[in-house]
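First to last, the sequence lines map onto chains V and X.
Under the numbering used here, think of the first position of the first sequence as 1, with each following residue one higher.
Under the numbering used here, think of the first position of the second sequence as 345, with each following residue one higher.
Honestly, the hints are just simulated from the structure, not real lab data.
Be a bit skeptical, because a hint or two may be false.
[As the list claims (entries may be wrong)] Covered by chain X, per the in silico footprint, the following chain V stretches (three or more residues, Cβ under 8 Å):
{"#": "1", "region": "133-144"}
{"#": "2", "region": "147-155"}
{"#": "3", "region": "281-290"}
{"#": "4", "region": "308-322"}
[Claimed, not checked] Here are the computed lysine to any residue pairs in the SDA-like style, where the Cα-Cα straight-line distance is at most 25 Å:
{"#": "5", "chain 1": "X", "residue 1": "K468", "chain 2": "V", "residue 2": "S220"}
{"#": "6", "chain 1": "X", "residue 1": "K504", "chain 2": "X", "residue 2": "A530"}
{"#": "7", "chain 1": "X", "residue 1": "K468", "chain 2": "V", "residue 2": "S213"}
{"#": "8", "chain 1": "V", "residue 1": "K132", "chain 2": "X", "residue 2": "I674"}
As the structure is a prediction and not an experimental result, all values here were calculated from the model.
Built from N, CA and C at the ideal position, the CB exists for glycine as well.
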Amino acid sequence: MTSPRTLQQAQRLYRSDRHMWRLIIMIVAWMIFMAITRFRKFYTLINFQTMAAQFPEFGLMSLGIMLTMITGGIDLSVVGTANLTSILMAFLLINLTTASGGLPVYAIPLVFVLALLLGATFGFFNGILVSKFHIPPILATMGSGELFTGICMAITNGNAISKFSRTYANTINNRIFSLIPVQLVIFSIMAVIIWFLLSKTAYGSKLYLLGTSETVARFSGLKTNRLLIKTYVLSGICAALGGMIMLANYNSARADYGTVYTLQCVLIVVLGGVNPVGGSGKISGVVLAIILLRVLETGLNRFPKISSYYISLIWGGVLILVMVLNYFTEHAKVKTTQAGGSHE
Amino acid sequence: MNVDGRSLLKKLTRRNEFYVFLVLLALCLLIEIRSGQFFSPNNLVDIASAMIVPGLFAIGAFLVIISGGIDVSFPALASLTMYATTKMLLDANYQGGATLPIAIALVIGALLGAFNGLFIGYFKLPTLIVTLGTSSVFKGLMQGALNSKQLTIIPPGMRKWGTTALFIARNPVSGLTSRMYITLIAFLVVLALVFVMLRFTMFGRGIYAIGGSEVSAHRAGFNVIRTKVIMYVLVGMIASLAGIIRASMMQQAHPTNMLGMEMNIIAGVVLGGTAITGGRGTLTGCMLGTLLIVIVENSMILLGIPTSWRSVFTGVLIIVGTGVSAYQMIVMNRTKRVRRPKKGVKA
């Protein structure tokens with residue numbers, strides 16, 4: 001009589017976090033499907049390494065959007081922030097490039113520190129707009145995103161900035177122990193930091209409280225303005241890091257790189273189970289959503305007959321499907337609590 | 345309340361449209377002083393022509409924002425209907441007038457709008473998320489299923505409709521001419537219909553009521569689900585009309601060049617004083633805001649500013665415009681402690 005019990009346990013496990021398990025099931029199902037249909041082409045080390053090098057650029061931006069969405073806001077300026085940072089850093093790299101085409105040893109750390117500072121500044125700007133001026137986040141960040149992109153266009157005239165040393169791209173495209181891509185390492189570090197902040201520090205709890213009810217947060221004595229500014233600064237930093245990875249992946253910077261990422265990142269975050277109204281959401285869900293999208297897209301590319309344009313159809317479909325499923329489980333939950341008074 | 349000059353002024357300064365109008369006027373005068381070309385007949389006609397498609401989109405986006413949502417799917421919806429209609433008629437070798445293309449586009453647009461409305465109305469999902477998803481789906485359908493390519497030929501009926509001139513304006517100084525297209529009438533008709541609908545019909549008032557508070561609207565007897573679904577159907581139809589007009593005026597069906605317009609359109613609507621939280625806003629303001637964005641986008645050259653600076657101006661405009669209205673709200677709430685700020689009352 002073990003099977004009913006394990007079934008029960010599995011059911012309990014599933015119910016403990018339906019959303020996360022649903023994403024895991026989708027990933028596993030897709031992996032099995034790929035294993036059956038295109039095993040040789042999909043299950044190669046190089047394929048997984050490529051995927052791990054591709055997703056951090058929009059993955060990092062998604063992490064930033066996630067943080068702002070937990071507070072009930074949104075950050076639509078991530079792509080603008082990323083591009084402005086990468087363009088400014090590209091100019092700096094051009095100046096640093098030596099005659100022989102290399103870079104001095106201090107160049108890459110310097111560029112990264114400056115990028116973080118720039119990202120923080122742009123995020124601070126957003127935070128001030130949202131907290132001090134009370135501009136709705138969606139508008140404030142839409143405006144600042146447009147502004148950042150505009151500055152990019154104005155200083156580059158829409159051209160790509162590329163004539164800097166290849167050393168930068170080569171360093172970031174390296175693999176640690178010739179196995180793990182550097183991009184993945186950067187993403188993982190940031191993800192761990194954010195996980196720590198959200199679940200182990202007071203900052204995280206305050207963030208969820210702020211997202212649940214701003215009024216309650218204010219009357220509980222939280223300094224909501226500072227909290228918001230900190231969050232947007234973090235989001236700016238994530239976006240700037242994403243921009244630095246884009247700079248390496250394309251080996252150039254341009255004002256209109258990654259314009260599709262804005263909506264794509266919002267999609268990822270929502271797919272990851274973050275409530276757009278604020279107050280809930282976990283980093284595990286968002287990371288799973290990032291992986292799901294990457295695996296789906298790469299897998300689909302293994303079928304040359306299927307137009308790669310179908311990927312946007314699938315994304316939209318998956319997003320709506322997940323939301324509708326959530327709707328049904330939530331409604332079921334409400335019904336059971338009303339009827340039986342079970343608390344979950 | 346007596347309407348003497350002072351209280352009228354006071355009333356005006358309370359309203360966002362007034363400020364948008366001032367900014368618009370200032371911008372026009374600035375361009376006129378710098379170039380002397382702004383108030384020339386052909387430039388005004390050019391701006392009016394440039395206003396047709398964004399104006400229609402703005403009406404749709406305005407309706408959704410009034411109801412408390414935010415729609416980012418209308419460019420994808422318009423592109424899909426426009427492309428599907430044109431392709432279908434080309435394949436059928438259609439030679440007739442423009443009525444059939446418009447009718448087909450409206451039907452497809454209504455269906456796609458109903459698709460949005462279904463998820464937003466019945467499942468009560470957040471509008472931003474649903475429209476993000478559906479815009480992705482529409483794009484996928486167009487580029488994947490229909491395998492869209494740029495169509496350089498469109499049915500003759502559409503081409504004729506899109507290029508027939510209502511009148512031709514001539515610049516007496518430079519001799520340049522601009523055509524005022526007949527499609528402007530379609531835009532004005534939609535504008536008038538929506539104006540009447542919002543002001544005088546129960547349905548229109550229902551949209552405002554839902555945007556103010558969905559629960560209150562329901563208690564007051566509005567059928568929230570039905571109102572929302574019908575509204576999204578209407579929005580879909582307006583957007584698809586804009587799509588077909590765009591294709592007719594450009595004399596080609598370009599599948600992707602409307603995508604990405606959503607942010608500027610929403611910015612224009614909000615600049616006109618429409619509350620992003622829903623329930624408040626006027627069509628006049630919405631049109632003024634959109635006109636402001638259109639002028640900024642089209643008249644930078646007259647000011648002697650390179651076009652690469654366009655986004656900088658749009659961005660500053662959005663931030664300053666929304667900042668001023670947000671700041672006004674704070675001041676209003678501080679001086680008149682009657683109404684509390686309705687922050688976080690988002691659907």
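Structure versus earlier hints - violations, ascending order:
Checked against the structure, the hints that fail are numbers 3 and 5, while the rest are satisfied.
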